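Chemist: The sequence shown begins at 14 in the working numbering and counts up by one.
Please note that a few of the clues may not be correct.
Once the Cα atoms are required to be at most 27 Å apart in a straight line, the calculated DSSO-like pairs of lysine-lysine come out as [unchecked claim]:
#1 K96 - K14
#2 K70 - K94
#3 K94 - K84
#4 K15 - K27
#5 K83 - K94
None of these hints come from the bench; they were simulated from the model. Predicted, not measured: the structure shown is a model, and the values here were computed from it.
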Amino acid sequence: KKDTVGVVVVEGLKANTDMFCVVTSDNSSLNLTARMDTPIGHKIALTDIKNGDTVIKYGQDIGLATADIKKGDHVHIHNLKTKRW
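Produce the entire structure from the sequences given, and follow the hints as far as they go.
Modeler: This is how it looks when you write it as structure tokens:
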């Protein structure tokens with residue numbers, strides 16, 4: 014499964030910041046622009062994700078998008094929920 018989110022590993026990521034991202038599972042890379050301020054340790058969308066789509070992190074299903082999420086958006090409890098309940 015291809016990851017749809019990545020984890021921010023720098024402090025103070027601000028909206029409109031251009032980033033160079035590395036996918037550690039396959040050593041691929043991509044360029045991305047943060048659309049929102051995103052705290053360290055939080056997720057950021059690597060691709061557009063539609064409301065109801067499964068969100069993948071580190072190759073694992075981590076839940077469902079509860080809203081449309083654009084590439085570069087902060088992904089957290091405001092737009093992601095578990096499938097457990």
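Chemist: Hint by hint, say whether it matches the structure.
Modeler: The hints, checked one at a time:
At most 27 Å may separate the alpha-carbon atoms for a hinted pair to count; K96 and K14 meet this at roughly 17 Å. Pair hint K70 plus K94 holds up; C-alpha atoms about 13 Å apart against a cutoff of 27 Å. As the CA atoms of K94 and K84 are separated by approximately 18 Å, the hinted pair is consistent with the 27 Å bound. For the hint pairing K15 with K27, the CA-to-CA distance comes to about 25 Å; that is within 27 Å, so the pair holds.
A distance of roughly 17 Å separates the Cα atoms of K83 and K94; the hinted pair therefore holds under the 27 Å criterion.
Comparing the model with each numbered hint stated earlier shows that all of them hold.
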